[in-house]
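**Q** First to last, the sequence lines map onto chains P and Y.
Counted the way the working numbering counts, the first sequence spans residues 1 to 324.
Counted the way the working numbering counts, the second sequence spans residues 1 to 324.
Because the hints were derived from the structure by calculation, they are not lab data.
Please read these numbers as outputs of a predicted model, since none were measured by experiment.
Any given hint might turn out to be false.
Copies of the same chain look alike in the list, so a pair counts if it works inside one copy or between any two.
Below, simulated DSS-like cross-link-like pairs (lysine-lysine); rule was C-alpha separation at most 30 angstroms, straight line [to be verified]: (1) LYS91 / LYS267; (2) LYS91 / LYS286; (3) LYS96 / LYS233; (4) LYS40 / LYS233; (5) LYS223 / LYS247; (6) LYS313 / LYS224; (7) LYS267 / LYS309; (8) LYS247 / LYS91; (9) LYS309 / LYS234; (10) LYS91 / LYS313; (11) LYS294 / LYS96; (12) LYS96 / LYS234; (13) LYS313 / LYS96; (14) LYS234 / LYS286; (15) LYS294 / LYS40.
Number of protein chains: 2
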Amino acid sequence: MLSFNQLLEHVNTAMAALDLNRQPDRLYAPIRYALSLGGKRLRPTLLLMAYNMYRDDTERVMPTALGIETFHNFTLLHDDVMDRADVRRGKPTVHKLWGDNTAILAGDNMLVMAFRMMQQADDAHLRQVMDIFSATAVEIDEGQQMDMDFETRMDVAEEEYIEMIRLKTSVLLAAALKIGAVQAGATAADTEALYDFGICLGLAFQLQDDLLDVYGDYATFGKKIGGDILCNKKTFMLINALARADKAQQQVLGQWLAATDYVAEEKIAAVTHIYDMLGIRELAAKRINAYFDKAVAALDAVSLPDERKAPLKELACALLQRRS
Amino acid sequence: MLSFNQLLEHVNTAMAALDLNRQPDRLYAPIRYALSLGGKRLRPTLLLMAYNMYRDDTERVMPTALGIETFHNFTLLHDDVMDRADVRRGKPTVHKLWGDNTAILAGDNMLVMAFRMMQQADDAHLRQVMDIFSATAVEIDEGQQMDMDFETRMDVAEEEYIEMIRLKTSVLLAAALKIGAVQAGATAADTEALYDFGICLGLAFQLQDDLLDVYGDYATFGKKIGGDILCNKKTFMLINALARADKAQQQVLGQWLAATDYVAEEKIAAVTHIYDMLGIRELAAKRINAYFDKAVAALDAVSLPDERKAPLKELACALLQRRS
Numbered sequence: 001m002l003s004f005n006q007l008l009e010h011v012n013t014a015m016a017a018l019d020l021n022r023q024p025d026r027l028y029a030p031i032r033y034a035l036s037l038g039g040k041r042l043r044p045t046l047l048l049m050a051y052n053m054y055r056d057d058t059e060r061v062m063p064t065a066l067g068i069e070t071f072h073n074f075t076l077l078h079d080d081v082m083d084r085a086d087v088r089r090g091k092p093t094v095h096k097l098w099g100d101n102t103a104i105l106a107g108d109n110m111l112v113m114a115f116r117m118m119q120q121a122d123d124a125h126l127r128q129v130m131d132i133f134s135a136t137a138v139e140i141d142e143g144q145q146m147d148m149d150f151e152t153r154m155d156v157a158e159e160e161y162i163e164m165i166r167l168k169t170s171v172l173l174a175a176a177l178k179i180g181a182v183q184a185g186a187t188a189a190d191t192e193a194l195y196d197f198g199i200c201l202g203l204a205f206q207l208q209d210d211l212l213d214v215y216g217d218y219a220t221f222g223k224k225i226g227g228d229i230l231c232n233k234k235t236f237m238l239i240n241a242l243a244r245a246d247k248a249q250q251q252v253l254g255q256w257l258a259a260t261d262y263v264a265e266e267k268i269a270a271v272t273h274i275y276d277m278l279g280i281r282e283l284a285a286k287r288i289n290a291y292f293d294k295a296v297a298a299l300d301a302v303s304l305p306d307e308r309k310a311p312l313k314e315l316a317c318a319l320l321q322r323r324s
Numbered sequence: 001m002l003s004f005n006q007l008l009e010h011v012n013t014a015m016a017a018l019d020l021n022r023q024p025d026r027l028y029a030p031i032r033y034a035l036s037l038g039g040k041r042l043r044p045t046l047l048l049m050a051y052n053m054y055r056d057d058t059e060r061v062m063p064t065a066l067g068i069e070t071f072h073n074f075t076l077l078h079d080d081v082m083d084r085a086d087v088r089r090g091k092p093t094v095h096k097l098w099g100d101n102t103a104i105l106a107g108d109n110m111l112v113m114a115f116r117m118m119q120q121a122d123d124a125h126l127r128q129v130m131d132i133f134s135a136t137a138v139e140i141d142e143g144q145q146m147d148m149d150f151e152t153r154m155d156v157a158e159e160e161y162i163e164m165i166r167l168k169t170s171v172l173l174a175a176a177l178k179i180g181a182v183q184a185g186a187t188a189a190d191t192e193a194l195y196d197f198g199i200c201l202g203l204a205f206q207l208q209d210d211l212l213d214v215y216g217d218y219a220t221f222g223k224k225i226g227g228d229i230l231c232n233k234k235t236f237m238l239i240n241a242l243a244r245a246d247k248a249q250q251q252v253l254g255q256w257l258a259a260t261d262y263v264a265e266e267k268i269a270a271v272t273h274i275y276d277m278l279g280i281r282e283l284a285a286k287r288i289n290a291y292f293d294k295a296v297a298a299l300d301a302v303s304l305p306d307e308r309k310a311p312l313k314e315l316a317c318a319l320l321q322r323r324s
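Same shape as in the complex, but just chain P (with noise of 0.2 angstroms):
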């Protein structure tokens, strides 16, 4: 068995290898330099993962694993353009080097291209993994619309947030292990705990992700703080703050969201201040830690001894910063 690193680099090795070099080439300079971007490369080396708790030959299910992958840039850079933003991992977007246009084109080039390497599964899985990855294409295209439709909208319910961060995050994370053990021929039952480990693990995350937003540090989160707030973000823990604000607090809070000129680190600290009075960073800790228990179990029900499991359950606990 190898570890995370070990086919996180084989992942980086074969991303680097791929043969993009096709006409013409104001299309595929930009996928070229979209997929070199880098990023954690955690969707693939998860579908690598899943396979070899079960099998060794992991470059057999290479092609699915740089589909998952080329699938994920993909709508990051659609996402880009949706969004107008004009940095991804510390690099000009592709819009704004090479105009919209080409930017729709290119990720659209991408999308097939995910589906011709998803494509290349061998003939006894090729139904099974075509069936996981289409189905799981519309739902995180869903997931993007219900996150778009929450930026007017002050009603967010927590559960529609859940099921949004679910369609948009989780289920390519559950997707990419369960892809990795259906090839692995593991039972129908172990492949619906891994998906399930991977819905849990990513609804985790984006939680965290939120809570660090406004309770992390620089140094450790990677972005600047407070991002989420400046932009009225509908994060699962402004939801809970307007779900659980007094007359008082809703005010305060509906002020700053109106707000359209103001010193950033003021509106920051303002709303922080009621997060903290209202207790949200408890609540999203405790349901961080729901989530994890609820991953941990999933794993466990995998049916194979603990050995083989032990690389995914250290991954969860690196990527929500736990210790066991």
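Chain Y: place on chain P using the hints.
**A** Frame of chain P, contents of chain Y only:
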């Protein structure tokens, strides 16, 4: 065997029966709208026609026919965003009604939906169908980028133009025929011959479109005459005029291409006059005939009795406005 119109009716019935009532509605409303605008439904009907040459149970391959049509409508939707087109089939475009972001996302979803429909091919043909379809999707994307690149170029060669329309228009007609034939269990020689038929038919059809933009009449063409001339589109007509013009004609053409303030009718008349002098109409007609003849020869090579091939031959004649 069923006629073109009978198969078209089956396609229309199946399209109307698609269940597109998923959530979020803001994503599926534009998809329902885009798929309800109609159009010729030429591509799915071609797929059924190719299948029907060999077998009678055409309903078996209907999901793949709908996949081809859904894919085609995805390309129109994203092309309309890129071209800032306000109208499609006499109705406002999706991005005009719902905004660019939802148009991008709805298109992405339709692309994935198209793959999901193609994945309904039976086990024996699944891989081949998916390979043809996804390779074609990549080519169409490349053709669209070439088309965009041509907008800012004055030195487009005829061969480049033919390659662009092959990718942007012909390969999907050809793939529809091939996917139909593959699922019917046709020989490799037959499926390739049908593919070639589709390529040549598509090229002839596009060149005829270029010709009718200049020399057609509004009643039969269904579009305003001179649209390509007004937007300086690098059509077969303009490319050949630029290549054949003498110095004086070059200068006149150049002035009209650079003009920003002019009377539309005057520009159309002046450019058409140059085409007249250079014999561009006859040149285009000759090329259309040559591609038509190649299409017929490809169809002749299909190893079936003539009566099985008659509907496709009639369709080719009808599309190219010929008597035989």
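**Q** Within a copy, between copies, both or neither: where do LYS91 and LYS286 come within 30 angstroms Cα-Cα?
**A** neither (35 angstroms within a copy, 51 angstroms between copies)
**Q** Which holds for LYS223 with LYS247 at a C-alpha limit of 30 angstroms: within a copy, between copies, both or neither?
**A** neither (32 angstroms within a copy, 61 angstroms between copies)
**Q** Using 30 angstroms as the alpha-carbon threshold, which applies to LYS247 and LYS91: within, between, both, or neither?
**A** neither (43 angstroms within a copy, 48 angstroms between copies)
**Q** Classify it for me, LYS96 with LYS233: is the Cα-Cα distance of at most 30 angstroms met within a copy, between copies, both or neither?
**A** both (23 angstroms within a copy, 26 angstroms between copies)
**Q** Reference check for the pair LYS96 and LYS234, CA-CA at most 30 angstroms: within, between, both, or neither?
**A** Both ways: LYS96 and LYS234 sit 26 angstroms apart in one copy and 27 angstroms across, limit 30 angstroms.
**Q** If the cut is 30 angstroms between Cα atoms, do LYS313 and LYS224 qualify within a copy, between copies, both or neither?
**A** within (29 angstroms within a copy, 65 angstroms between copies)
**Q** Could you place LYS309 and LYS234 in one of the four classes (within, between, both, neither) given a Cα distance threshold of 30 angstroms?
**A** neither (35 angstroms within a copy, 60 angstroms between copies)
**Q** Could you place LYS313 and LYS96 in one of the four classes (within, between, both, neither) given a Cα distance threshold of 30 angstroms?
**A** neither (39 angstroms within a copy, 48 angstroms between copies)
**Q** Given a CA cutoff of 30 angstroms, do LYS234 and LYS286 count as a within-copy pair, a between-copy pair, both, or neither?
**A** within (19 angstroms within a copy, 62 angstroms between copies)
**Q** For the identical chains here, do LYS294 and LYS40 meet the 30 angstroms Cα criterion within one copy, between copies, both, or neither?
**A** Intra 24 angstroms, inter 52 angstroms, cutoff 30 angstroms: intra-copy only.
**Q** Between LYS91 and LYS313, at a C-alpha cutoff of 30 angstroms, which is it: within one copy, between copies, both, or neither?
**A** neither (32 angstroms within a copy, 54 angstroms between copies)
**Q** I want to check one pair: LYS91 and LYS267. Are their C-alpha atoms no more than 30 angstroms apart within a copy, between two copies, both, or neither?
**A** For LYS91 and LYS267, the Cα distance is within 30 angstroms only inside one copy (28 angstroms; across copies 45 angstroms).
Hint violations for this structure: numbers 2, 5, 7, 8, 9, 10, 11 and 13, all remaining hints satisfied.
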